[in-house]
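K.L.:
Residues per chain, in single letters:
Protein chains: 2
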Amino acid sequence: MKLYVATRAPNPRRVTMFMAEKGIHDIESVNVDLHSGEHRSDAFMAMRPFAKVPALQLGDGRVLSEARAICVYLEGLYPTPNLMGAGGTERAFIEMADRQDDLYLFASVANCIRHTHPGLAELEVRQFADFGAAQGDRVLGVARHFDVLLASRKFVTMERFTIAGITLLCALDFAKGPMKFRPAEQGLQHMQAWRDRIAARPSASA
Amino acid sequence: MKLYVATRAPNPRRVTMFMAEKGIHDIESVNVDLHSGEHRSDAFMAMRPFAKVPALQLGDGRVLSEARAICVYLEGLYPTPNLMGAGGTERAFIEMADRQDDLYLFASVANCIRHTHPGLAELEVRQFADFGAAQGDRVLGVARHFDVLLASRKFVTMERFTIAGITLLCALDFAKGPMKFRPAEQGLQHMQAWRDRIAARPSASA
Numbered sequence: 003m004k005l006y007v008a009t010r011a012p013n014p015r016r017v018t019m020f021m022a023e024k025g026i027h028d029i030e031s032v033n034v035d036l037h038s039g040e041h042r043s044d045a046f047m048a049m050r051p052f053a054k055v056p057a058l059q060l061g062d063g064r065v066l067s068e069a070r071a072i073c074v075y076l077e078g079l080y081p082t083p084n085l086m087g088a089g090g091t092e093r094a095f096i097e098m099a100d101r102q103d104d105l106y107l108f109a110s111v112a113n114c115i116r117h118t119h120p121g122l123a124e125l126e127v128r129q130f131a132d133f134g135a136a137q138g139d140r141v142l143g144v145a146r147h148f149d150v151l152l153a154s155r156k157f158v159t160m161e162r163f164t165i166a167g168i169t170l171l172c173a174l175d176f177a178k179g180p181m182k183f184r185p186a187e188q189g190l191q192h193m194q195a196w197r198d199r200i201a202a203r204p205s206a207s208a
Numbered sequence: 003m004k005l006y007v008a009t010r011a012p013n014p015r016r017v018t019m020f021m022a023e024k025g026i027h028d029i030e031s032v033n034v035d036l037h038s039g040e041h042r043s044d045a046f047m048a049m050r051p052f053a054k055v056p057a058l059q060l061g062d063g064r065v066l067s068e069a070r071a072i073c074v075y076l077e078g079l080y081p082t083p084n085l086m087g088a089g090g091t092e093r094a095f096i097e098m099a100d101r102q103d104d105l106y107l108f109a110s111v112a113n114c115i116r117h118t119h120p121g122l123a124e125l126e127v128r129q130f131a132d133f134g135a136a137q138g139d140r141v142l143g144v145a146r147h148f149d150v151l152l153a154s155r156k157f158v159t160m161e162r163f164t165i166a167g168i169t170l171l172c173a174l175d176f177a178k179g180p181m182k183f184r185p186a187e188q189g190l191q192h193m194q195a196w197r198d199r200i201a202a203r204p205s206a207s208a
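Chains A and B, in that order, give the protein sequences.
Oh and the first sequence: position 178 is 180 in my numbering, straight run, nothing missing.
Oh and the second sequence: position 7 is 9 in my numbering, straight run, nothing missing.
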């Protein structure tokens, strides 16, 4: 198998952190250079028509994409430690938390950065700066919700570390770069404490 | 169990169509009136802080939200017919297809409508019409991709009807209303034929 990633891109990080938590070290990693447009090359798009990383090429040639779907596949191959739920009920509650991280926080961070950051003008076909700024405000609103949640619990869900923690950390660290968003500076101490605790896991620097 | 839905809203439809495919008829359905702001009432927000439908209240009082997470739970309780994959590999490929329907098509349709339709000004805090219009162009681009895909296959994935078909139909029918988007009018005959075939399933009118 080959995993296509891109240095410092937040979505591939979700998969590499997931693999590190499971101790998976036998999958070859191939870097795709987004700034030179390698993801839009004929070779890459033949494999991955939406021109996005990460993508996992299986031994039989099939290509799996979308960070979370790749994790579902790896969870099946490497079930321990369980990061996505054992049984329908756990799987459902973890997916709910993961989707909330993803659709409400991660997507708003991505929209804000893509539509406001000069360095990303080349990756985004057209930037809408006012929309991007409003998405930045939304990030703060959603982060406040998570801060309240994390005031009374150690983990995002299930009282243990799961994929939902990976997605939340990757979203927060993505916001830390171009948006310079730091929970503590917004008075979100519980979220900052959670972030610092999770960022200390070896998988976070994988 | 109680399922909170809203008449004509596309995300609750994903769950009601999923339930109809499985023949689930024993879950009470409660309508939430979005136009009078019932989803922002204290009572609803205490249960569902993100103020969104659908939400499934379980027998023990816990509340599960996010359409796809609710489907994961129901798939566990009612495994037949399988709509989300048997085993890690099938689950991963179905989730990839479902996320592509959801993140690339459904989300662009929703962004276009929320940011351009006068009737939704009251639901969207601030509308960005130029961003919304660009998202409408994106819908067409993604729809073209699906049209190519559906030229050579009867189903979105796995050669059978899955949750990915539900999400794609709900996205297309959402676009048909306020956006007046019809695949055939854009020259997307394969997508139109697929849509008409799936819309004829009894679950589509559930």
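A hint or two may mislead.
[To be verified] On the chain A side, residues computed to face chain B include the following (Cβ under 8 Å):
id : residue
1  : A71
2  : R162
3  : F163
[As the list claims (entries may be wrong)] Here are a few chain A residues that sit away from chain B, every Cβ distance over 12 Å (derived from the structure):
id : residue
4  : A69
5  : E92
6  : E97
7  : A99
8  : L105
9  : A109
10 : N113
11 : A186
12 : S205
In case anyone wonders, no lab produced these hints; they're calculated from the structure.
These numbers were taken from a predicted model, which means no experiment stands behind them.
Ideal Cβ placement from N, Cα and C applies to all residues, glycine included.
K.L.:
Once the closest CB in chain B is found, is it more than 12 Å from N113 of chain A?
P.N.:
9 Å, violated
K.L.:
Please settle this one: A99 of chain A was flagged as non-interface, so is its CB more than 12 Å from every CB on chain B?
P.N.:
8 Å, violated
K.L.:
The output says L105 of chain A does not contact chain B. Does that hold with a beta carbon cutoff of 12 Å?
P.N.:
8 Å, violated
K.L.:
A69 of chain A clear of chain B by more than 12 Å, beta carbon to beta carbon?
P.N.:
9 Å, violated
K.L.:
Verify this label for me: A109 of chain A is non-interface relative to chain B, using a Cβ-Cβ cutoff of 12 Å.
P.N.:
Check fails; 8 Å does not lie beyond 12 Å.
K.L.:
Taking the closest pair, is the beta carbon of S205 of chain A still more than 12 Å from chain B?
P.N.:
20 Å, holds
K.L.:
Does the nearest C-beta of chain B fall within a distance shorter than 8 Å of the C-beta of R162 of chain A?
P.N.:
Nearest chain B Cβ about 17 Å off; hint violated.
K.L.:
Does the closest beta carbon of chain B sit nearer than 8 Å to the beta carbon of F163 of chain A?
P.N.:
Nearest chain B Cβ about 19 Å off; hint violated.
K.L.:
Grab the minimum C-beta distance from A71 of chain A to chain B and call the hint holds if it beats 8 Å, violated otherwise.
P.N.:
4 Å, holds
K.L.:
Confirm or reject: A186 of chain A is not an interface residue toward chain B, with every Cβ-Cβ distance exceeding 12 Å.
P.N.:
The claim holds: A186 of chain A sits with its nearest Cβ about 23 Å from chain B, beyond 12 Å.
K.L.:
Could you let me know if the closest chain B CB is still more than 12 Å away from the CB of E92 of chain A?
P.N.:
Check fails; 9 Å does not lie beyond 12 Å.
K.L.:
Could you let me know if the closest chain B CB is still more than 12 Å away from the CB of E97 of chain A?
P.N.:
4 Å, violated
Against the hints set out earlier in the document, violations occur for numbers 2, 3, 4, 5, 6, 7, 8, 9 and 10.
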